[in-house]
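If you read the sequences in order, they're chains B and C. Okay, so the first sequence: first residue is 1 according to this note's numbering, each after it adds one. Okay, so the second sequence: first residue is 1001 according to this note's numbering, each after it adds one.
Since the hints were made in silico from the structure, they are not lab data. For each residue, glycine too, the CB sits at the ideal point set by N, CA and C. Hints are not guaranteed to be accurate.
[What the hints assert, rightly or not] Listed below are several chain C residues computed to face chain B (Cβ distance under 8 Å; list not exhaustive):
(1) I1155
(2) S1177
(3) K1181
(4) N1182
(5) N1274
(6) G1277
(7) E1288
(8) M1293
(9) K1294
(10) V1297
(11) A1298
(12) K1301
(13) N1305
(14) N1306
(15) L1307
(16) E1330
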Amino acid sequence: MRKFFLFSVSVLLTVALQSCKGGKKAGDSAGFTYDEQIEKDFLEKLILVEDGGTVELPAGRFLFKKALSMEGKKDVTIKGAGADKTILSFLGQTEGAEGINITNCQNVTVTDFTIQDAKGDNLKLKGCDGVHIHHMNSTWTTGADTSNGNYGYYPVECRNVVMEHCEVSYCADAGVYIGQSTNVTIHDCYAHHNVAGIEIENCINSDIYKNKAENNSGGILVFDLPKLFQANGRNARVWDNDCVNNNFPNFGKPGSIVASIPPGSGMIIMATDSVDIYNNRITDNKTVGCAIVSYFTTGKQLNDSTYGPYCHNIYVHDNKFSRKAMMIPALDTDFGKLAMAACKSPIDIVYDGSAEKSLIDANGNLPEGKKICIRNNGDIKFVNMNLWKAKNLTDVLRTFDKDMTKFDCSYTGINGNNTNL
Amino acid sequence: MKKVSIAAILLSITCVILFNQCKFSGDGKVTLDVAAKPFEKLSQYHFFKGSLKDLIPNEKVLPYDLITSLFTDYAHKSRFVWMPEGAAATYSKDEVMEFPVGTVLIKNFYYPHDFRDESKGKRILETRLLVKREDKWDALDYVWNNEQTDAALNIVGDSKKVDFINPEGVTRHIDYSIPNKNQCKNCHNLNNVQMPIGPKVRYLNKDFKYTDGVRNQLEKWTEIGYLKGYEKEENLTNKIADVFDEKTGSLEERAKSYLEVNCAHCHRKEGSANTSGLFLLLSEKNPESWGIMKSPVAAGKASGNNLYDIVPGKPGESILVYRTESDDPEIRMPELGRSVAHAEAIILIKEWIAAMK
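Just chain B, with the same shape it has in the complex (with noise of 0.2 Å):
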């Protein structure tokens, strides 16, 4: 009887959600209207600017159907009058994929105004060595949308990037998304209704801190990826942040890295190393707290002999897990199931257990500086999978155990120095 209950509310459920998904919502064209002469006025403000200048974006509604660019520029600033002021919207874009596409370019500041509906990023920035990206807005007015661009600010290639006061929501891929860059900041900014909130891959000495992940399907990522330019990502401190209720359904593009995130994943660590995961509120995420793991977890296939797919230097301590009675975790998924199978519950820590194997002594541990520490969180939740011992991703629900002792030390710090903020 109790079986029949749970299979009618999951039919009911699956119902009103294809109903959602079905009734694509027309976006927000409220006020717009397209000006080709102010198009072409942005676009000539954005080129013609000289070095140490300031394109000026006046208050007011403004539709574009080609995206706007930016290249080989000095300390210039992209400035409007406010993210609630100045709005400028590419629904229904024809040409050229970003809203606004910045090319190398030296110090450039974009600050003040809102981005909403490209076809693919919002903001992309690429090869450009200093970028303030402040007080901005990015969103899809269209709703959690599989068809939403990828990333609402796209830094790619930079260095000195620093991201602060932002916010960004309905990203079919990841709010926030820093890709192959050095010297990343990212501070009180705010990303909901993503897949991906907050990510980071192939990043060198990264700082995220007072951000607040909410409502998307997973939080904060620190990602490195296979066969990219700068590859092997590390040094990455993640402290500070709330990290809350990111239990939307994932709404990303099937074969993308995101779709296959969990609903319920409040931070992903996947094969990147030193990084330090300290004072972060992780509230209320349905199916894991914070997940170490490797690139095997995502079930694609690896052929770059140069990429290190595991996590090895990771230090997760001090932070606060909490989470509401009777959450239950996405259980079409294999952390799901692995949550249901381990802890009738959410898990706050999993690691899945894989390291590179040239590494481990005779007793499987890791040496110093390659450890995986897990200290003072509190009453825990842990669950490591032991991903070497299984065949494939299902097979951990034979594999995995809670035994938390081996992963009972401290950080020797990121490229070995103390990490005392």
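With chain B fixed as given, assemble chain C onto it according to the hints.
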């Protein structure tokens, strides 16, 4: 009174300068000052003689052609090169040859009204110039007026509606897009430096019908002093396949040649798309770099639910096919320069992937 006289003097100086400029550029020879601002009108350079729209090259303006060229919404292209007196390009075997300061590469984009019979006339849309200044290449775009009398310098791009009759006799409509100055750099980018793409030995290594007879282009360039250091013997086989001529290469060679010419200016380690990990130069040997069983990086929905760039034997599951077939700005590849798919080339690429084991 004093102010007025200063103004009068300034005005007369300006008039004299303007007049002299006109006189200077009016003697019919190609006019270019690499240090000066670009001309507002294409006609001011005197690259062509007679009626501008006939594109009859002036003295030392040499036409050239590529074995396989980039697809731009079926537009036809006529290319010319000009170098200052006594200057020559230096031979490079694999990359774009090194051009002297003052070189201008001239590319006209046009549509014949009827592709079956070009004598029925054509509409020229834009003329792109790459000018080698002292320190860098500068990209200049001139957009033709509807009367086809001249073309004006354009910075922010433009779009034009074009109708033409295709080789099958079908009327086609294209929303032709003219790039803005930043978009030029997107493709013409090698290690963040603006560079030409086409004039490489292996693209130019073919015969061309000059007004004074048929010659190999590289030999002709050498003969008139535009190229130094070119060795014919070492370049006998250094040529890309002509994509639609089966005699010039195997299916694989032709498909790869198409991808190099249309994609590899960005999809190479020094190019704009190096973030993707997909490298499509013919010299690239790693199958995964070519996309074979390679996961996309930041393709997002442009993957079309497919897992790999190329799945051998399965063009329908290959992202590379999905993106080259699409017209959607977010999905389509290349990103710029096309609004419709190149149907004939996609057939070739599909055949190549289908034949892969």
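Verification of the hints:
Checking C:I1155 against chain B: minimum C-beta separation of about 6 Å stays under 8 Å; hint holds. The restraint placing C:S1177 at the interface with chain B holds, with a minimum CB-CB distance near 6 Å, inside the 8 Å limit. A least Cβ separation of about 5 Å between C:K1181 and chain B falls short of the 8 Å threshold, and the interface hint therefore holds. Annotation: C:N1182 was flagged as interfacial toward chain B, and the flag holds, the nearest CB pair being 4 Å apart, inside 8 Å.
With 8 Å as the threshold, the beta carbon of C:N1274 comes within range of chain B, its nearest partner Cβ sitting at about 5 Å, so the hint holds. Given the 8 Å rule on beta carbons, the hint for C:G1277 holds: about 4 Å separates it from the nearest Cβ of chain B. Taking 8 Å as the C-beta cut-off, the interface hint given for C:E1288 holds, the closest approach to chain B being about 6 Å. Checking C:M1293 against chain B: minimum C-beta separation of about 6 Å stays under 8 Å; hint holds.
Restraint check, C:K1294 versus chain B: the minimum CB separation of about 7 Å is within 8 Å; hint holds. At about 6 Å, the closest approach between the beta carbon of C:V1297 and any beta carbon in chain B falls short of 8 Å, and the interface hint on this residue holds. At about 7 Å, the closest approach between the beta carbon of C:A1298 and any beta carbon in chain B falls short of 8 Å, and the interface hint on this residue holds. Because the beta carbon of C:K1301 sits about 4 Å from the nearest beta carbon in chain B, less than 8 Å, this interface hint is met.
Below 8 Å, beta-carbon pairs count as interface contacts, and C:N1305 has one with chain B at about 5 Å; its hint therefore holds. At its closest, the beta carbon of C:N1306 sits 6 Å from a beta carbon of chain B; the interface hint therefore holds under the 8 Å criterion. For C:L1307, the shortest C-beta to C-beta distance to chain B is roughly 5 Å, which falls under 8 Å, so the interface hint holds. This hint holds: C:E1330 has a C-beta 4 Å from the nearest C-beta of chain B, less than the 8 Å allowed.
When the structure is compared with the earlier hints, no violation turns up for any of them.
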